[in-house]
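So for the sequence shown, my numbering puts the first residue at 369; every next one is plus one.
Honestly, the hints are just simulated from the structure, not real lab data.
Honestly, I wouldn't trust all of these hints.
What the hints assert, rightly or not - Think about it this way: if two alpha-carbon atoms lie no more than 20 Å apart in a straight line, the pair counts; the simulated SDA-like pairs of lysine to any residue are:
(1) Lys540 - Val431
(2) Lys397 - Leu527
(3) Lys632 - Leu644
(4) Lys540 - Lys397
(5) Lys397 - Lys449
(6) Lys397 - Asn586
(7) Lys397 - Ser564
(8) Lys540 - Ser424
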Amino acid sequence: MELLAFSLAVLSGVGHAVWNFLTKRAVDKQIFLWWMLFLRTVFLVPLFAIWAQGISVPLVSLVCATGSAVFYATFIALMGKAYERGDLSLVYPLSRSGPVYVPIWAALLLGERLSPLGLMGIAVTCLGVYTVGLEAISLKAILSPIRSLNTRPSQLALLAAVLASVGACIDKVGVGSVQPLAYVFLFFVMMVVLYSVYILATRGGRAIGREWQANRGNVLLGGLFGTSYVLTLLAMATSAVSYVISARQVSVVVGTVLGIWLFKERYGAIRIASSLLICAGVVMIGLA
């Protein structure tokens, strides 16, 4: 993997972790996420206009982008809820465990076969998901992750991961039928539309303005870092997709460290070690 592609993938992962960190800091997390989705789409308009000139979008891409947006918009709503009460260093690693389900869906729905490395990656990721809920390294605390997974934030994060994995499988079909940036932009637009319906129905338009007034700087940063997936696309142009997605998983560790360092969240050593396990497992799955 070339150094430039590796650097772009890592920067994309860091960007993903940062906008999740900013979400946790937000006054109204659901509204902050709306701003992130909206602004990242606006920021990408000039890039899309340059790169996607003359590209026609087939019906299959439109259907896939819409279907995937349904799952990912729900993912965003669940993450907003999870961050309202859950630690960043717990919720974020759990939500990033989605790739563990992708090969399972691919095997069931697309007829793909699971390799030994992929199976090992699933096992390592599941171990990290379990240990991230540990409160101490002792026999007495061995069942504490079960109690942790019974909490609302953990449940929402895991459900979000499952939904993201389904969306990823849909994207795998959709992105193969059109230029990738065109698909991503269409997907972003559909997410904004769907999430706007949810926000207007549950919170109303005034809440959007209040978050802007209270948190304008972070809102703009969230939108900027929300565009980080474009760096992934650029990396994919010069390197294998599996390597790029694997390198991007550094986000799991970065998000965990941000929560422990800046929010002073508990169980730091255990959660960092668990995030490393999740990261390693996802990398194995990506390379399988």
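Here is how each hint holds up against the structure:
Our distance criterion of 20 Å between C-alpha atoms is met by Lys540 and Val431, whose separation comes to about 13 Å. Between Lys397 and Leu527 the CA atoms are separated by roughly 18 Å; this keeps the pair inside 20 Å, and the hint holds. For the suggested pair Lys632 and Leu644, the alpha carbons sit about 19 Å apart, so the restraint of at most 20 Å is met. Of the pairs offered as hints, the one joining Lys540 and Lys397 is violated, with about 29 Å between alpha carbons and a cut-off of 20 Å exceeded.
Straight-line distance between C-alpha atoms of Lys397 and Lys449 comes to about 8 Å, which keeps the hinted pair within the 20 Å bound. Between Lys397 and Asn586 the alpha-carbon distance is near 12 Å, which keeps this suggested pair within the 20 Å criterion. A hinted pair counts as satisfied when its Cα atoms are at most 20 Å apart, and Lys397 with Ser564 qualifies at roughly 14 Å. Proposed proximity of Lys540 and Ser424 is supported: the alpha carbons are some 19 Å apart, at most 20 Å.
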